[in-house]
Amino acid sequence: MSLIHLNSLQEFQQIISTNDCIIDFYAEWCGPCRFISPLFEQYSRQYPNVKFCKVNVDTAHEISMLCGIRCMPTFQFYSSGKKMSEFSGADKNKLNDMVMWAAFQ
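So for the sequence shown, the working numbering puts the first residue at 1; every next one is plus one.
Simulated from the structure, these hints should not be mistaken for lab results.
Take these hints with a grain of salt, some might be off.
[Claimed, not checked] Using 30 Å as the maximum straight-line C-alpha spacing, the simulated DSS-like pairs for lysine-lysine come out as follows:
no., residue 1, residue 2
1, 83, 94
2, 82, 94
3, 82, 92
[As the list claims (entries may be wrong)] For each label pair, taking beta carbons as the anchor points, the in silico distance ranges come out as:
no., residue 1, residue 2, range
4, 105, 61, 28 to 34 Å
5, 105, 45, 16 to 22 Å
6, 38, 103, 17 to 23 Å
7, 104, 29, 18 to 24 Å
8, 82, 4, 14 to 20 Å
9, 62, 104, 20 to 26 Å
10, 13, 49, 31 to 37 Å
11, 91, 18, 14 to 20 Å
All C-beta atoms, glycine included, are put in the ideal place defined by N, C-alpha and C.
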């Protein structure tokens, strides 16, 4: 499955309410974001039962503000419209743990 780029608050609310999803809040200029992005893309292909979404914090201000994003990258896992988990930083182990939880819950 390919990555879903969320650009509006409506898109964000729709996807989190109907899917298990992991959202990568990133910025184009962010080095750690670029470092971990290939792994996030790999997971999106490996685990089709989970939606993998990206939100560019510089262009999707409403979503970023609603989610309280203060640093990048930040990853959030949603299930049935509720935030289940969150972490910030390009930590491959934490991302793996989040993906495993989302994929096999």
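Verification of the hints:
no.: 1; hint: 83 / 94; result: 16 Å, holds
no.: 2; hint: 82 / 94; result: 19 Å, holds
no.: 3; hint: 82 / 92; result: 23 Å, holds
no.: 4; hint: 105 / 61: 28 to 34 Å; result: 31 Å, holds
no.: 5; hint: 105 / 45: 16 to 22 Å; result: 20 Å, holds
no.: 6; hint: 38 / 103: 17 to 23 Å; result: 18 Å, holds
no.: 7; hint: 104 / 29: 18 to 24 Å; result: 34 Å, violated
no.: 8; hint: 82 / 4: 14 to 20 Å; result: 19 Å, holds
no.: 9; hint: 62 / 104: 20 to 26 Å; result: 32 Å, violated
no.: 10; hint: 13 / 49: 31 to 37 Å; result: 21 Å, violated
no.: 11; hint: 91 / 18: 14 to 20 Å; result: 28 Å, violated
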